[in-house]
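Colleague: Listed below are the residues making up each chain.
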Amino acid sequence: MSLQGRDVGEIEALVTDRYLDSLLGDREVQTPSAALDEAVRAVSRRLADDLPRFHPSFRFEERLAVRLAEAAASMRLPLAAGGERDAAPGPTQIPLSPRLAPDPLAALDDGDRPRPKPYLVGGAVAASALSLAGAAWLAWRRRSASPMARAVRAAHQARG
Amino acid sequence: MDAEPRVTHLDLDRPLVEAAQRDPARFDALYRRYLARVYSYAYYELGDHHAAEDATERTFLAALANLHRFKERARPADGAGASTFRVWLFQIARNVVANERRTERRRPTEPIVETTVVADPLDVEGEVVRREEAGAAWRAVGKLAGDRRRALVLRFVDEMTTAEIAGVLGRSEGAVRVLIHRALRSVARDLETTEHLAPRPPRT
Chain F
-11 MSLQGRDVGE IEALVTDRYL DSLLGDREVQ TPSAALDEAV RAVSRRLADD
39 LPRFHPSFRF EERLAVRLAE AAASMRLPLA AGGERDAAPG PTQIPLSPRL
89 APDPLAALDD GDRPRPKPYL VGGAVAASAL SLAGAAWLAW RRRSASPMAR
139 AVRAAHQARG
Chain R
106 MDAEPRVTHL DLDRPLVEAA QRDPARFDAL YRRYLARVYS YAYYELGDHH
156 AAEDATERTF LAALANLHRF KERARPADGA GASTFRVWLF QIARNVVANE
206 RRTERRRPTE PIVETTVVAD PLDVEGEVVR REEAGAAWRA VGKLAGDRRR
256 ALVLRFVDEM TTAEIAGVLG RSEGAVRVLI HRALRSVARD LETTEHLAPR
306 PPRT
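First to last, the sequence lines map onto chains F and R.
Each residue of the first sequence is one higher than the one before, starting from -11 at the first, in this note's numbering.
Each residue of the second sequence is one higher than the one before, starting from 106 at the first, in this note's numbering.
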């Protein structure tokens, strides 16, 4: 990419962008360019480490999954009858679910996650409510491929 | 500078999207993949657990209902307005959250730092420190204006590329690069006023 015709601000932004690609892209962090502002470099590393990804409660996740499945089923009926897809009920026709209390087990969900990040669960969740029994139950129920889930299922089958 | 947003890589979600377009019941895989990311985006924008859940629900219901209209445009030959499923989904989320924010202005919200850290409940001291650091980082990001804040959240939390963020925000890649650079400088100044940015070991 040519730097000709770009002003200083654009060049600095481009240098920062390349550094962020390296920092956030699961690649070995390259030695930053001398043109990279030290404060920008420091705060980039700070945000990469400290900005958490939030996860909704486990019960919210499952409840919305059910609602989506219901909506999907209602969309398949007109299709099976030869109707137009646009005749399928849209989201505005589906009332939103009632709110549920947060689920303390949600933090243990081990679904498709890109890479470890600090995770916070939305809502007021008591950390003390977490238990190994709950974790084992969640791992077994989610049919996860994690080592813990495999171990729980193996123990369950051995008992049966 | 780039004139239009352009996503130059192929859509890695294509098999799941095509399966869901053939059979809406298969949408569940896309939902599971993006739930936390969409919820995080909504939570950072709205700062409220319930509002973020509402926005997340509306986003996925709208995406499912309109999935048959989505057409991947992820090759260079597709030109301006290129889009992947991920970009399309976050465009929906952005619109939904904008509507939620208009509603939220009429009622107070709980501070986002009031959430409880449960990443490692056995390491109480470490969790307190992490919570304070996350809270400081969030407060600094939360002070940023509209698209600067959204660009940083999409870059650092949702781990999008500049091209993808350009697609979500409807800006050029060059404009997004400048947006993020200026946002980082602003956050750096903000954090320096409240604490010293001590050197940290390299990420592993």
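In case anyone wonders, no lab produced these hints; they're calculated from the structure.
Bear in mind that the values here come from a model prediction, so they are computed numbers and not experimental data.
A virtual CB, placed ideally from N, CA and C, is assigned to each residue, including glycine.
One thing to keep in mind: the hints can contain errors.
Chain R regions said to be covered by chain F (calculated; three or more residues, Cβ under 8 Å) [unchecked claim]: (1) 129 to 141; (2) 163 to 174; (3) 239 to 248.
Colleague: With reference to the structure, classify each hint as holding or not holding.
Modeller: So, going through the hints one by one against the coordinates:
Figure legend: the segment 129 to 141 of chain R, annotated as covered by chain F; annotation consistent (9 residues with Cβ-Cβ distances under 8 Å, at least 3 required). Coverage of a stretch by a chain is defined here by at least three residues with a beta carbon nearer than 8 Å to that chain's beta carbons; for the segment 163 to 174 of chain R and chain F the count is 8, and the condition holds. Given a C-beta distance limit of less than 8 Å, the hint that chain F covers the segment 239 to 248 of chain R holds, as 5 residues qualify and 3 suffice.
Checked against the numbered hints given earlier, the structure satisfies every one of them.
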